[in-house]
Amino acid sequence: MELTDRQKQIIEIVKKQQPISGEKIAFILGFARATLRPDFSLLTMSGILLAKPKVGYLINEEHTNSVLVEQIAKQKVEKVMAISVNLTKETSIQDAIIQLFLEDCGSLYVTDNREILGIVSRKDLLKSALGDSDLNAIPVGMVMTKMPNLYTVFSDTFVVDATKLLVTHRVDSLPVLSRSVYEETGKKEVIGKFSKSTASRLLLDIFNKDL
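Take 15 as the starting number for the sequence shown in my numbering and just add one per residue.
If you're looking for bench data, these hints aren't it; they were derived computationally from the structure. Nothing here was measured: the structure is a model prediction, and the numbers come from that model.
Dumping the calculated DSSO-like pairs for lysine-lysine here, alpha-carbon to alpha-carbon at most 30 angstroms: (1) Lys68 to Lys30; (2) Lys103 to Lys141; (3) Lys88 to Lys29; (4) Lys202 to Lys137; (5) Lys103 to Lys210; (6) Lys178 to Lys202; (7) Lys88 to Lys201; (8) Lys178 to Lys103; (9) Lys88 to Lys30; (10) Lys88 to Lys22; (11) Lys93 to Lys22; (12) Lys137 to Lys178; (13) Lys160 to Lys210; (14) Lys38 to Lys66; (15) Lys90 to Lys160.
Working from the sequences, and respecting the hints, build out all of it.
Below you can see the structure in the form of C-alpha cells.
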C-alpha cells in the first residue's frame with residue numbers, strides 16, 4: 015500500500031507522541047480535524063494505527079512487525095551487498111594485513127580475474143603474524159581458505175537465506191557471485207560481499223524507515 019506524504023507525517027507524529035488525539039494531530043499539521051478524517055480512516059482500517067476512545071491514536075505494533083518481516087523477506091543480496099576487497103594469490107601476507115586495516119574489513123577475497131579462489135580472514139592473518147616467518151615472503155595463497163571449502167551466495171539469493179548461512183557456519187562474510195556470469199560461463203565471479211555488518215545495516219535501515 016502506497017501512503018501519501020500526509021499519512022506518513024501522521025504516522026511519525028503518532029510514533030513520537032502516542033497516544034495522541036486526532037485534534038492534536040490536526041493542530042500540528044495545520045489542518046481541520048475533518049480534513050484528516052479520510053487519512054485516519056485509511057490508517058486505522060489498514061491496521062497501521064489503533065484508535066482508542068478517550069485515549070487517542072497509537073501505532074499498531076503487530077502491524078509494524080509484520081511489515082518489517084515482509085520487507086526483510088523480499089530483499090535480495092544484490093540490493094544490499096557491500097563492495098568486496100580482492101587480492102591476488104601472490105599478494106604477500108604483509109600487504110594483506112595492511113589492506114585489511116586500511117579497508118577496515120573482516121576478510122579479504124583472493125581472486126583471479128575476479129573469479130573467487132579463496133578467502134583470507136583476520137584469524138588467518140593473525141596466525142601467520144604470530145610466527146617467525148618473513149610476512150613479505152609468504153603469499154596469501156599459502157594461508158587462504160580455498161575453494162570448494164567456501165560458502166558463497168549468488169546475487170539473487172534472499173537476504174534471509176544468506177543470513178542463515180552466516181549464522182549456521184559462523185563466518186563473517188560471504189562472497190557474492192554473479193548469477194548471470196555463472197550461468198553463461200560457469201565462472202564464479204565476485205561482485206560483492208554479504209556480511210554480518212551488511213545484515214545489521216539492513217535491519218537498522220528498515221526499522222528507521224516510515225511504515
